[in-house]
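When you get a sec, could you build the whole thing from the sequences and use the hints?
Here is how the chains run, residue by residue.
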Amino acid sequence: MRVAIETILLAAVAGLLVSVSAGALGPLVVFRGLSFLVSAAAHAALGGAALALLLQSRLPWLDPTFGAAGMAVVVASVVGAAGRGGRSGESMEVAVGVSFAGSMSLTVLLMYWLPPEKLPLVWGYLVGDILLLSPVDLATIALTATLSLAAITAFYREFVYSSFDPVGSEAHGLRVGLYDWIMLTVIALSVSAMTKAVGAILVYALVVAPAGAAVRFARGPKHCMALAFLISAGSIAMGLLLSAIVNVSPSAIAGMVSAAFYLISLLRVE
Amino acid sequence: MPSHAIEARGLDVGYGSRPVLRGVDLAIPHPSVSVIMGPNGAGKTTLLKASLGLARILSGEIRVLGVPVPGRLEEVRRRVAYVPQKEEVSWGVPLRVIDVALMARLIKKGPPRRPTREDVDAAEEALEFVDMLWARDRCFKKLSGGQQQRVLIARALASKPELLLLDEPLSAVDAESRRKIAEVLARLRDEKGVGSVVVTHDVNPLAPIADYVALLSEGRLVAAGPLAAALTPENLRKIYGPVAKVVEVGGICYAIVGDAHR
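Which chain is which? The protein sequence lines are A and B, in order.
Take the first sequence: its letter number 242 is residue 241 in numbering that gives the first Met the number 0, and every next letter is one higher.
Take the second sequence: its letter number 248 is residue 247 in numbering that gives the first Met the number 0, and every next letter is one higher.
In short, the hints are calculated from the structure, not lab data.
Check the hints yourself; a few may be wrong.
Stated by the list, open to error - Derived DSS-like pairs: lysine-lysine, alpha-carbon spacing no greater than 25 Å straight-line: (1) A:LYS221 / B:LYS140; (2) B:LYS141 / A:LYS221; (3) B:LYS108 / B:LYS159; (4) B:LYS108 / B:LYS141; (5) B:LYS107 / B:LYS159; (6) A:LYS221 / B:LYS108; (7) B:LYS191 / A:LYS221.
What the hints assert, rightly or not - Covered by chain B, according to a simulated footprint, are these stretches of chain A (three or more residues, beta-carbon under 8 Å): (8) 29-40; (9) 156-163; (10) 168-181; (11) 216-226.
Ideal placement from N, C-alpha and C gives every residue a C-beta, glycine not left out.
Dropping the structure here:
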């Protein structure tokens, strides 16, 4: 099956927008050693969507998107609270793991009570496809790209300083807890929204691996963000190109290409 | 100018409700190079963190440059600069030396924290002061431990503080860098009137220039005063235990614990 050129173009636009978010946020995730947060945020969205669907019997206006966003904010808040007082590294990583397990457990529990016809709506939060984008999906990705760029533009130094030296930054007067919360919330919201639109594989592949490769070559945080964007965009371009020629999933190819970039970067001796 | 860098009365400090420091009464002169020493877990770092509002004061009071903490914490953080243990700094962030040197100054400046020519000049001057301007555009994480420590001191100095609080600046640092750090602290006191309070295991590199020492053990102050008066064999054995050997060099006593001197 050949994919229509319009679909490929639409997917290319989406890929570019996802790469913008990945370039802005991926390095922050890597700087903080919180790559697992990407996975936790996506699965928290799953739990939040399930909860919203269950509550719809009493609150018909409650869209699952609100539930997904709300749960992503909860995860960001839990991880941020775990890192308060300079206990960043290990405590935050543990909080990410616990949030992941907690939200998946909640999802399983809630799905037990949900009517069977609503279950695909829940799973839809993990299995988006870049070749099956709806206008709402595209708008969501555009919104997260804007949110990511706005956050990094407004708080670039605050995010970098909090990542480099949380204790020293707080001692000099930076409100590390607040900026950590903003950063984690933007990451969690963006990742959960992008996952619904383009699928978990693509988001993991384009947020973490390109940033992991870029940080090994970068001369500074901005350089790292630019490199992560290029690797991300290059991976998705390769995926779409191959999928136009042969019948393969563009997300899978993009994931393999970005993983290859990361593996190659490991050869660099620092 | 305030007469004390740190002044504590009946100070209990802890994390949560568990006290780490208990009943500390202390008055560190200013400007001076003062040393807080003691074994691991003595509460040295906690005392520094309490001075900066980073540890919870359970009872008693503490003033930094005459300003009460936590009552007027913002003023303290504006006038004081902190040099953390370099192990607390993340190596994952690729920053140039000049970017690190600008950090404390831009934090104190407040949003939007964009560096002006004046900020860059201050950071370069601070790098020059610690003899690290040559590395201005190098990657911070590729420097040696001693060079990184001097850049972290420059970061503090660029914010034009009246007092430096340094946490273990001499640990895992080569002998040449130790000598240079001690020289920088002495010059700051003598030429600029900037005091330093240094938490360290090893008083030896600072002994020639230090004015004052406070000895902590198990969260309590054992002794404080000029080095020759406070570093007595009795006091050193109180903090390092009866097995510590004490040697006297140039009128100052040092403890030898295992194969390390303190």
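* To do: With a cut-off of 25 Å on the C-alpha distance, tell me whether LYS221 (chain A) and LYS108 (chain B) pass.
  => 21 Å, holds
* To do: Please work out if LYS221 (chain A) and LYS140 (chain B) have their alpha carbons no farther apart than 25 Å.
  => 16 Å, holds
* Take the C-alpha atoms of LYS191 (chain B) and LYS221 (chain A), compute the straight-line distance between them, and say whether it is at most 25 Å. => 36 Å, violated
* Decide if the proposed pair is consistent with the structure: LYS107 (chain B) and LYS159 (chain B), CA atoms, cutoff 25 Å inclusive. => 10 Å, holds
* Okay, the region 168-181 of chain A and chain B, do three or more residues pass the C-beta test at under 8 Å? -> holds (count 6)
* Within 25 Å, alpha carbon to alpha carbon, are LYS108 (chain B) and LYS141 (chain B)? -> Violated: LYS108 (chain B) and LYS141 (chain B) sit about 28 Å apart, past 25 Å.
* Under a C-beta cut-off of less than 8 Å, do 3 or more residues of the region 216-226 of chain A approach chain B closely enough to confirm the stated coverage? -> Since three or more residues must qualify, the claim that chain B covers the region 216-226 of chain A holds, with 6 doing so at under 8 Å.
* Within 8 Å of chain B (C-beta), three or more residues of the region 156-163 of chain A -> holds (count 6)
* **Restraint check for LYS108 (chain B) with LYS159 (chain B), where alpha carbons must lie at most 25 Å apart** => 12 Å, holds
* **Per-stretch coverage check for the region 29-40 of chain A, three Cβ contacts closer than 8 Å to chain B** => It holds: at least three residues are needed, and the region 29-40 of chain A offers 4 whose Cβ sits within less than 8 Å of chain B.
* Do the alpha carbons of LYS141 (chain B) and LYS221 (chain A) lie within 25 Å of each other, as the hint requires? -> 18 Å, holds
When held up to the earlier numbered hints, the structure conflicts with 4, 7 and fits the remainder.
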